Each structure stands twice: as structure tokens, then as C-alpha cells.
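Peer 1: Residues per chain, in single letters:
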Amino acid sequence: MSYLVLKNLNKAYEGTIAVNDFNLQVEKGEFISLLGPSGCGKTTTLRMIAGFETPDNGHIQLDGEDITSASPNQRGMGMVFQSYALFPNMTAWNNVAFGLRVSKQPSTVVNKRVNELLDLVGLADDGHKYAAEMSGGQQQRVALARALAIEPRVLLLDEPLSALDAVVRVSLRHEIRRIQTALGITTIYVTHDQEEALSISDRVVVMRQAVIEQIGTPEEIYVQPQTHFVATFVGTINQFPGILKDSKLGLVACHSGDLNLFVPPITDGKVQDGGALTIMVRPEEIRVNKIGTDHDLSNSLDANLKTITLLGPVTRLTLEYHGQSIFADIRTVDRHRFDLNKPVQLSFSREACSIMPKVELSNGDN
Amino acid sequence: MATMKKKGPLPGLFIGGFLFYMLLPIVATYAFSIATRWDRTILPEGLTLDWYKVAFMDRWFLIVFKNSLVLSFSTVIASILIIVPTAYWVHLRVPRARPILDLISTLPFAIPGVVLSLGLIRLYAQPPLMLARTPAMLVAAYVIFTMPFMYRPVVNSLKAVNIKVLTEAAQSLGSSWLRTLRQVILPNIMPGIISGGLLVFATIFGEFTIATFLVGARYKTFPMQLVYYTRRDGRIASAYSVISFTIAWVSSLIILWVAAWGAKRTSGSGHSIKDKDLQINIAGDQK
Numbered sequence: 006m007s008y009l010v011l012k013n014l015n016k017a018y019e020g021t022i023a024v025n026d027f028n029l030q031v032e033k034g035e036f037i038s039l040l041g042p043s044g045c046g047k048t049t050t051l052r053m054i055a056g057f058e059t060p061d062n063g064h065i066q067l068d069g070e071d072i073t074s075a076s077p078n079q080r081g082m083g084m085v086f087q088s089y090a091l092f093p094n095m096t097a098w099n100n101v102a103f104g105l106r107v108s109k110q111p112s113t114v115v116n117k118r119v120n121e122l123l124d125l126v127g128l129a130d131d132g133h134k135y136a137a138e139m140s141g142g143q144q145q146r147v148a149l150a151r152a153l154a155i156e157p158r159v160l161l162l163d164e165p166l167s168a169l170d171a172v173v174r175v176s177l178r179h180e181i182r183r184i185q186t187a188l189g190i191t192t193i194y195v196t197h198d199q200e201e202a203l204s205i206s207d208r209v210v211v212m213r214q215a216v217i218e219q220i221g222t223p224e225e226i227y228v229q230p231q232t233h234f235v236a237t238f239v240g241t242i243n244q245f246p247g248i249l250k251d252s253k254l255g256l257v258a259c260h261s262g263d264l265n266l267f268v269p270p271i272t273d274g275k276v277q278d279g280g281a282l283t284i285m286v287r288p289e290e291i292r293v294n295k296i297g298t299d300h301d302l303s304n305s306l307d308a309n310l311k312t313i314t315l316l317g318p319v320t321r322l323t324l325e326y327h328g329q330s331i332f333a334d335i336r337t338v339d340r341h342r343f344d345l346n347k348p349v350q351l352s353f354s355r356e357a358c359s360i361m362p363k364v365e366l367s368n369g370d371n
Numbered sequence: 463m464a465t466m467k468k469k470g471p472l473p474g475l476f477i478g479g480f481l482f483y484m485l486l487p488i489v490a491t492y493a494f495s496i497a498t499r500w501d502r503t504i505l506p507e508g509l510t511l512d513w514y515k516v517a518f519m520d521r522w523f524l525i526v527f528k529n530s531l532v533l534s535f536s537t538v539i540a541s542i543l544i545i546v547p548t549a550y551w552v553h554l555r556v557p558r559a560r561p562i563l564d565l566i567s568t569l570p571f572a573i574p575g576v577v578l579s580l581g582l583i584r585l586y587a588q589p590p591l592m593l594a595r596t597p598a599m600l601v602a603a604y605v606i607f608t609m610p611f612m613y614r615p616v617v618n619s620l621k622a623v624n625i626k627v628l629t630e631a632a633q634s635l636g637s638s639w640l641r642t643l644r645q646v647i648l649p650n651i652m653p654g655i656i657s658g659g660l661l662v663f664a665t666i667f668g669e670f671t672i673a674t675f676l677v678g679a680r681y682k683t684f685p686m687q688l689v690y691y692t693r694r695d696g697r698i699a700s701a702y703s704v705i706s707f708t709i710a711w712v713s714s715l716i717i718l719w720v721a722a723w724g725a726k727r728t729s730g731s732g733h734s735i736k737d738k739d740l741q742i743n744i745a746g747d748q749k
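Just so you know, the protein sequences line up as chains D and V, in that order.
Following our numbering, the residues of the first sequence are numbered contiguously, the last one being 371.
Following our numbering, the residues of the second sequence are numbered contiguously, the last one being 749.
Keep in mind the hints are simulated off the structure, nothing from the lab.
Treat the hints with caution; some may be incorrect.
Stated by the list, open to error - Below, computed lysine to aspartate or glutamate pairings styled on EDC-like, alpha-carbon distance capped at 20 Å:
#1 V:Lys626 - D:Glu58
#2 D:Lys295 - D:Asp334
#3 D:Lys311 - D:Asp278
#4 D:Lys275 - D:Glu356
#5 V:Lys626 - D:Glu164
What the hints assert, rightly or not - So, partial list: chain D residues that the calculated Cβ filter (under 7 Å) puts toward chain V:
#6 Phe57
#7 Ser88
#8 Ala90
#9 Gly104
Unchecked claim - Simulated coverage check for chain D against chain V, where a stretch passes if three residues somewhere in it have a Cβ under 8 Å from a Cβ of chain V:
#10 78 to 86
#11 92 to 99
Here the structure is a predicted model, which means the values were calculated and not measured.
Virtual Cβ for every residue (Gly too), placed ideally from N, Cα, C.
Build the full structure now, drawing on both the sequences and the hints.
Peer 2: Okay, here's the thing in C-alpha cells:
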């Protein structure tokens, strides 16, 4: 049996369903992210694990023991909050020592452990500082050390990096992952930032409107999204609605038959011949070339280049094909090869296409 | 400041007039308390500290001073014990009850002391309480009477720090309710408690109406003695007033200082060594 088991968790507030039939099994030492837009129920789920909210029904089991109704201070879960929540009346050192003193550890143990942890988060020399004297990033490191000090059975992080600036956010998220791996600590991480979730998790739970949309490794979530919402929420994706003409060939007619695209053969019967589906292609899977020069890939179409947006190492091209916008990412070093408002050839392989049955062309879910 | 100067002498006149109006009675009381005689001339005829001597030598002085101190301290402690945990709990767990508590806490302002006293006498004189005309009852009445002074600063402090998250952080570290309240919440709302305590203290130390109605001469307080002297010798009464003022002023200074310290602490930077020492002392949690 898994280390942490969440079984049929439900929670509603005054008629509004916050979490609906949530099921998840977490292995010991695993790093799980709960990812979704605000109001999707991810924080409520985390708070139920922490014991700050009581589920309306369902069970939470930790290491074989039912903790559904245990009070928060009996659960042994370290929590890191978005607002850091350091005790303003105590130094960083005393903040980290708090939980150890609560559990009545001898002072030699407290001293040793607090120094170790401050060292671990890179704040060995800042133990004397108060929260008000530290930057947000430093405060969150102290909060992490404080949560780790009690050797928690599960580490819970509630959007810990949302209040920090971009550079600190990236460096601290790598640090969290490094420490988590080093200590082998089971971790549940709540975030609305898909890049964050993909970059540090063993598995990601994508949620929307109180319901789990998909559970999978970052790669599964990104490459094989199971729902339309996951495909559009995680990263950018191009959508081509069409009708399946031949499931064995993987032939799909889009744009009222003006555009034939090939997808991998559909053998699981997810869509029948003649059924509606949407083809989804990531911008980085699309190759951009001069008209009539690329014949290697199964799918090809000509589109007008509308805008060029520099994103850093990649540059995003926005193209227009019969009124539909298509995004394609190219290497930034190649950006001068193309001229605005000129037609270019787009091509992508059939393996780059994932299909969703019967979904309208819209981003209305976001 | 620069804009005030451009507007001419009018603002200065208003401020000057206001200060004159506020300070004149106080200055006059001071002057009267050290005047040999001041009823036949424009300025006092001479200066003396005799009236303070009379005030301090009076066999009642120590008794009424002690009685008023006991009443003030008891009220402060009782109101801290009743109001702080209530405000914390309501703030954390029953936020919907907050407006009700806000309303109740302002009621004492709306009820005149005399009405409150008479109502309380009727209530407390009946069995099983039978507390009428005892200092304990007076303290009970004072807690109600001064509730706004304690409740407001405490609630403001609770709002200034994120009580909910701090409580949850402490709980997740295994801390019990009592420990969380003692080691995390109280130190962080201490500026509010100290301000409230001093306001209550200063108010009760100078309170006359309710004390006279509820216990009267059975438990003589400092203001009662002051009123007694106003009927006999205004100069001794003035000396009493000055002593009373001084206590109120010292309290106010401490409030201002505590408020400045609290503001500094929540605003972030700018800690002096002194601040830190103070924080550690109050937290009682140094390494």
C-alpha cells in the first residue's frame, strides 16, 4: 500500500464544491505537484492533508494509519506557506528551533539540528536575523528549514514561490528539489505555475474545477495530455478540429476538407471513422521553412507570418492559416530567415499530433 | 509644512487657539497647586510645595492611591484575560461574529456611567451573586466600561499580523493551542495589549462616577479623595489633579512609544539593537 493515500476526498463550502472525489496514492519519497488555475481545489486538498480543513467525506491514510480526523498538530506534517509565515517575534534560528522545542528535544539536539538546517538552506550566518530583516527568498528558506526541522512525515508546500521574483523563484525551486531529493522526503507541492510543476515533480496532478483532470509524470502531462484542458493549460498548443476519415491511415479532414492531416493510426476506438476530433500540436513540433522546400514530414501547410515574438532562446512565430492562428517556435538564431506577411511552409510529423475526441476549437476553459 | 506656510497665518492661529484652549486648564491647575494664594491677584502671590506636602502626608493618601492602583491593575488583568482570548478566537474561527463583537465593544460608549451603575447594582445585588458594593463588582463594571479601550487596540494588532497563517504554521510544527497563543500570538499582539492596558489603566485611575455609585465610601479611590478636597481646599485638590495627570501622561508616553515600536517592527527594516532585546524579552524565547 502507498505511503500517503487520499481516498474519495470531498469538500464543499456553502454549496460550492471545492474538491470533488479526489483520489491519489503517493509513494514514500515522491514529489507530487498539484497544478491548476486558482479556485481549482488544489490548496483545499493540501489543507485537508495538513488537517486545517476537514473533508466532508473520504479518508486520508498515512503509512497505513487513518489520519482523516487527526488534529493538525498531531500529524507531523511540515508546511511552507505562500506568505512565509515566519514568527515575527523570533529570530530565524528560533523559528527553526520552534518545532524541536515543542517536541521537547534536548538543547544539544536542537542546537545541532538548527545549525545543520540553516546550513542546508544556505543561511548559516543569518540565524540572528528577524523576518523583517530578510528578503522574501531568505524568509522562505528559513520557513523551509523550519518545516524540515521536525523531520516531517510529509512536506507540504502551498505556492511557496508565488510571492518571489522570477530569478529567485527559479533558483529556489531547484534548491527545494535538491533538498527534497537529498532527504528523500515525501512532498506535496501546490502551484499554478506549470513550468514550476513540470520542472521539479516526479508526478503532476492537474486539477480543474474541483476535479482531477490528469495524473502523470511531467512528460506524460506535456506530451500525452489526456484532456483538452490539460493540453491547453500546460504549455501552448495548436488545435485543428476535423473529421476522422480513416482510422487505420490516421487521416483527418480539417477546414471542411481543405486540409488533410495525418495522425498516428487510431486503434483504441477512441474515435470512430466519421467522428469529430481535434488534433493538437505543440509549437515546438512545427517546422518552418520557405514555401515548397520541406517534403520530409507527413503534414504540411502554407501560412502567412503575422508576428515574431522573441521569448529568449526560442522565438515564437504567429501564423495565419485561413483565419486560424497557428503558433510555431523556432530557434532565435534563425529568426532573420523569415519576413513578416510572407507565406511560409509549416510541417509536422504525425507522431507530433495528439488527438482529443469531439472538442470545439476554443480556449474557453481558461 | 511648506503648503501650510503659503496659506498665511490662519492655520497657525487655529492651532495656537486650540493649544491655548487645551493647555490653559492644565497650566492653571499646575500653577494653582504651587501657589501660596491666588484669589486676590492676577498672578499667584507666591510659590510653595506645601500643598503637595499636605496631599502626601494625608493619612488617606496612601490608602486611596493603593485602592486605585489595585482597581486599575485588577481591571487591566481581568480585561486582558477576558478580551484577548475572545478576540483571538473570534478573529481566527468565527470571523462572521466579528461585526457583532465590534458592536458590543462600542456599547459602553453609548451607556452613561450612572445608568450602567444602577443597572449593575440591581443585577449584582440579587442571589446568587450578592456582589453589590464590593470592589470585585467595581472591577467587573470597569471591565465592561473600558471594553472599547482594550478591544480596539487588540483587534488592530490581530489584523496587523496574519494571525491565521501564524497559528497554522505553529500547529503544523506540533504546537498546542495554549503554546501557540503564548509563544506566537501574544508576543506579536503585545503592542496592542500594552496600549489597551495603559488606556484602561489611565481611565480607571481617574474614574469617579461609577466608583461612587457602586461602592462609595466603603472603598475610597483616588478621585474620590480629589473631589473631597475640591470642597475643602482647591490648591490641595490641584496637587491631587497634577499627580493624577502625571500618571495618565506617563501611561500615554508609554503607549506612544509602544505604538512606534510596533509600527517599526511590522514595517520591516530599521531595527535597533534595543528593539531586538525588547522583542526577545517579550517573547521569552531566546536561545
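Peer 1: Which of the listed hints are broken here?
Peer 2: Of the numbered hints, just 3 does not hold.
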